[in-house]
Amino acid sequence: MKRGSRSRQLARMSLVAVLAAMACSDPEASNVGSPEPASPVVSDSSRDSAGAANRVTTFAPKPIDPELVKALEEPSVIERDDAKPFNPSVIRMKDNEATMAQEILDLPESDARELALTELMRQWSQYDLEGALKFGWEKTEGEIQAKRAFLKGVMPEMAKRDPQGLLEVVEEGHWWPDQWKDQREALRRIERNDFDRASEFFKNTGEGKQHKEEAYRYTSRIGREQGYQAAIAYAEAMKKQIAKAYATRAAVTQWVEADSVGASNYVNQCRNPELRDHGILGLIDGIWQTNPRESVVWAKSINHPDLRDTALRQLAKRWSDPEYAGNLKLLPRAYSTPN
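Counting in the numbering used here, the sequence shown runs from 23 upward without gaps.
Just so you know, these hints were derived from the structure itself, not from any lab.
Keep in mind that this is a model prediction, so the values were computed, not measured.
There may be inaccurate statements among the hints.
As the list claims (entries may be wrong) - Below, in silico cross-link-like pairs of lysine-lysine (BS3-like), each with a Cα-Cα straight-line distance of 27 Å or less: (1) K261 / K234; (2) K225 / K262; (3) K161 / K203.
Model the full structure from these sequences, guided by the hints.
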């Protein structure tokens, strides 16, 4: 048996284990194919020194559908008889994936069903993304749990192979667990060749998927390539407050290098305390080498105590280099010695 086929067979065996394990804790999933309730089983440990007091009561899981188990255990490819290296593109696929997926969809809704469908779709998409997508779109329409499981299974692979397609799915309003991770992977691949498309999508995406580190990174690049005014406009367009704060820091850092007075006035006029605090961090990022005294003054003016503490400690670390060590005396005594 070739290594590729063997790994897929093992993966399917693990899927059976998932269903069996979940069936133990999910009455709905475990009652498939068995009308009788679970019965208590007593394991007698009286043979050991602990005696009858150590008897433990557990519950025997009901068996899952044997036909489903059989389908999950069957390999999805015809084994090759020759000894050439494994090449997925020349192996004829059976219909087992669709059969297994349909068997799972026919089960009552449960966590076990959702987990099993997600895992099957994940495996299927790795060597037949088109087939997995075709089945999923057709068979899960109108069923929220099934579509969520389908998308969660196939989208990690789609992010790698068709990132533009993944963004289109998001723009159509579909959602799945951990969507932001797959979206971030897709955007990072797209921005290599089309930064404008990636940055525009990120700016307009849902609030829950605007992560602060990405907001900072996109804004920084826009500032470097298009100037601080474009960076400020991009930051102000962020929907999520913390993403806007991080983007503001990145934009102000670009601004202060070109016009320190204008950047300072902008930060002072920020009415939102969180945006002002992060704007101050941006000012400090731009002037800590050239204007140490003003950097300390700005750091002390940060409203949030934790952020203020972080800014002062960061200055101490930056000035721990012998080239800037003379600036440490400007810091309050608690921060004059960097950790």
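Structure-based check of all given hints:
no., hint, result
1, K261 / K234, "holds (11 Å)"
2, K225 / K262, "holds (10 Å)"
3, K161 / K203, "holds (25 Å)"
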